[in-house]
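Residue numbers (our numbering), protein chains in the order written: chain A, 21 to 312; chain B, 21 to 312; chain C, 21 to 312; chain D, 21 to 312.
Because the hints were derived from the structure by calculation, they are not lab data. Be careful, since some hints might not be right.
[To be verified] Derived CB-CB ranges, DEER-like:
id : chain 1 : residue 1 : chain 2 : residue 2 : range
1  : B       : Arg-26    : C       : His-235   : 19 to 27 Å
2  : D       : Gly-230   : A       : Ser-79    : 34 to 42 Å
3  : D       : Ala-214   : B       : Val-229   : 25 to 33 Å
Keep in mind it's a predicted model, so treat the numbers as computed, not measured. Yeah, the Cβ is synthetic: ideal placement off N, Cα and C, and Gly gets one too.
Number of protein chains: 4
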Amino acid sequence: MSLPERRYVITFGCRDRTGIVARISSFLAEQGGWIVEAAYHTDPTTNWFFTRQEVRADSLPFGVDELRTRFTEVARDLGALPGSWRVTDTGERKRVVILVSKDKHCLYDLLGRVAAQELDVDVSAVIGNHAGMAGITRAHGIPFHHVPFPVNDPEGKQAAFAQLRQLVDAHEPHAVVLARFMQILPAELCADWAGRALNIHHSFLPSFVGARPYHQAHGRGVKLIGATCHYVTADLDEGPIIEQDVIRVDHADSVTDMVRKGRDIEKVVLARGLRWHLEDRVLVHGNQTVIF
Amino acid sequence: MSLPERRYVITFGCRDRTGIVARISSFLAEQGGWIVEAAYHTDPTTNWFFTRQEVRADSLPFGVDELRTRFTEVARDLGALPGSWRVTDTGERKRVVILVSKDKHCLYDLLGRVAAQELDVDVSAVIGNHAGMAGITRAHGIPFHHVPFPVNDPEGKQAAFAQLRQLVDAHEPHAVVLARFMQILPAELCADWAGRALNIHHSFLPSFVGARPYHQAHGRGVKLIGATCHYVTADLDEGPIIEQDVIRVDHADSVTDMVRKGRDIEKVVLARGLRWHLEDRVLVHGNQTVIF
Amino acid sequence: MSLPERRYVITFGCRDRTGIVARISSFLAEQGGWIVEAAYHTDPTTNWFFTRQEVRADSLPFGVDELRTRFTEVARDLGALPGSWRVTDTGERKRVVILVSKDKHCLYDLLGRVAAQELDVDVSAVIGNHAGMAGITRAHGIPFHHVPFPVNDPEGKQAAFAQLRQLVDAHEPHAVVLARFMQILPAELCADWAGRALNIHHSFLPSFVGARPYHQAHGRGVKLIGATCHYVTADLDEGPIIEQDVIRVDHADSVTDMVRKGRDIEKVVLARGLRWHLEDRVLVHGNQTVIF
Amino acid sequence: MSLPERRYVITFGCRDRTGIVARISSFLAEQGGWIVEAAYHTDPTTNWFFTRQEVRADSLPFGVDELRTRFTEVARDLGALPGSWRVTDTGERKRVVILVSKDKHCLYDLLGRVAAQELDVDVSAVIGNHAGMAGITRAHGIPFHHVPFPVNDPEGKQAAFAQLRQLVDAHEPHAVVLARFMQILPAELCADWAGRALNIHHSFLPSFVGARPYHQAHGRGVKLIGATCHYVTADLDEGPIIEQDVIRVDHADSVTDMVRKGRDIEKVVLARGLRWHLEDRVLVHGNQTVIF
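Isolated chain A (complex conformation) (with noise of 0.2 Å):
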């Protein structure tokens, strides 16, 4: 990403009380730490607090494996479970698969800001159920796998979702992005890449929902038009949503015209998305999220 010089991202969330933001804050202050970006919130609701901050690296006397270590007992003292709570360092570097189909667009786009360097990730690789996208992406410098998947064959289907899994988790990576991928994934890949799996879908969710959502908002007359990127759970269509964004469209825009400028909102708004999840930016609550 852009960040200039090694950071180390805390990313935690407990049950809200008086003096949390002191515990962590004279936590880092006394190892040193030097805050160099900080959000809170507070959820009046469920009454749940979130924070993430950035600490540049130099600034403290250890490395990322100690800050998590000592890390762990302010987690404790202030409650929060384990698993709603991080600390990673921006000297990793992020590792992205992304799953295509026939729609180039995406795709492209990412590519493009990869090389770049806006996106500064590596595409471990590209996972197409077609094979046209393989020339772009070796063209990148970047492997392609084919794996078709058949219509009508439950059997070769439950196959080609093994095939995809056994690619994917090959390369153990921090995003699984489905850029425009027109296959639904099975109930427990969802779950084994719960948080982890970025979906685009081409309406303003939860306005059309499935397929062929052009199509619908055109039939019912919509004056605007937009694009949803969401964590992918069971519930098509129906996870955190991350980021949304739309396009005005009118009466001479035809179905056709829709799909043209809907592309436009689907890049940018998979774009945002995956950036702000690869930077941690991203806290999921029940089925909101936090974006800091």
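Please build the complex by placing chains B, C and D on the supplied structure of chain A, with the hints as guidance.
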């Protein structure tokens, strides 16, 4: 509106074929008609043609009634159905009746626009099912009627709607504006006021139909909230959409914040939709609208 | 504003160093202070630190004066300059004076927001260099003063500004709002009201400084027009920007259309800027603002 | 582009008078021409009339050359100046030459749109004053030319421009796209490519003309940044504006963040402007544009 000089406005729709524009524009040219603004649209799905033309009144040697009479022949030649075209006169001042409940922002906004002559119409009356807005309405020199709608009393409610209809119809308004009026109109009123009754719904339809849309939006964790101005039909929140817009929200916004931010969108969306309706810029086509 | 319960708000800025957050949050935690909202920012260019904290009043065993006294020591420890921090009490109702000329839309909009309790402040007075808005102001139960500003009469103008200042200062307002007030404030008034006088300029600054910005925008053929809310300084239209927004226009829009469309942006930009100012969310840093 | 069947496009401008639409539409109707899309505009300030018409090629009994010949008479009757009207054929594939420097995002974006057939044109060549984008260009099967521009060597620079012109003109392109090309074109090139050379400037013009606009924007503390696609003229950043858009920034955004966010706007603004130009939707009128 902001029309600088008197104009006649023709809105017209018929099955598409070659020569419609030539027929209409030649008819106008023969009379010396100076077209100030013209717009065309063909819906390729239904093969239907639409146009709206603004002609300077002083360029024609006769008045609006004669223009209407003469245009009848053009419309007949082109196979237009009765009711699918209109000729109006911007010299005739438009009359509007506004229905309100307890929420003040849309009424205040419309009254402010009328007072500033931005919306150059006659507000014939404001009718509220609560009395709270009598004062400001009358301060603007506009009659206010209080029509209480009893709860859990179907007969009383029916009587209230009868009274409402009488009060509204007495003005033969060009627009009946449901400015956050919290009563659902009976089907027969929807039918009688078809194409003249405009509602503002506080969500980006078709998301969050019905009650408490901001609560629904907050629960779903959307990143934008919106508002929709649409013609009222017997199907709640399903009528042809005239205008929509959205505003960004984030995790820090409570439902109360969403209600507040949403109001700014409701106001402009309603004001734009009403303006376009009164300027005869909205042509209904099935459940969609063409906005010229 | 929409603050549900009484809160104390601390805004603070000082040279950045390690441990500021720890010092402030520990201070608050020691007193039992329950932080409801907190925001931080460090400007890397100037190495300056900013924070805003909202504390529940009922979580502290003393009042705002005692909090202010005790916080003085914290501020001194952190090397904050006098005037670079403040402690305010949302229980103290904010007072606003509005200056107007002939354009009605911003005044009507603000009065509507106050009447709907969306903006929960006291409008102490409205002062106009024309008398046209006396009626609506008084209908809202607010005093209106007419202070004519003579043309081509420097002494008369000076006297008018003296009268204006007296009328304004009598209320010791938290905000002096130039709601399309068409007089340029003298430098000494700018100085005396520094950080409290807000102007709405009808362009997207720094484009189209000065007179008739919509005419300038139309002449240049821009595709979006905007509005800017900024603090008034002695340099015309050059003060720190609080908020801006834009709306799309096209070749069919005349200057008159731009004026009308622009009003909707002016109203919301001014209303947002004023709200943030009154909620102590705006920290000025040189010629820039930090909005928490 | 996305035109489903072959069409002839007429763009036309002349002094406004009664009967222009009738004359053009009757001419087309007499030939059996099926108008698929039509737009009109009259500029009331200059009293100038503009239109654009799309006619189905298969509805006419002759080809584009004959249509052009026959339309010449119509144009003469209406007093149109030579050069103020055109008849083009969507069946003729458009040729584009792209000029680049070091910034990759606009080139990658355009190549992606062409590869996805969203932009259905021939990129005849990419010419760079640095060699860095040879690889990706050639991976798309497009010729890349490296033309170095020496610094502090006026003669060398002149020679480079001569080479550039030769390379470009060899393709007789419909559009020369300066996709963040960092050289200022000499006046004679601006003249020769007038109405065909499109630039993307990374600010919301007329704000922040010239070098390092994001630095200028950051320094002024604006709350939105933008991009502008305009025709190149001899006056730097002063040519007719085709399209603009903006994106929100805040105090937390460094110049680097602004550069990154701005890219997303630059890409879509350039892509939209180029599409409209190639679809003959842009009519220049003095220093303004009419976009149909």
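Verification of the hints:
In this structure the supplied range 19 to 27 Å holds for B/Arg-26 paired with C/His-235, their Cβ-Cβ distance being about 26 Å. Between D/Gly-230 and A/Ser-79 the beta carbons are some 39 Å apart, a value that agrees with the proposed interval 34 to 42 Å. Between D/Ala-214 and B/Val-229, the C-beta spacing of about 53 Å breaks the proposed range 25 to 33 Å.
The structure does not agree with numbered hint 3 stated previously, though it agrees with all others.
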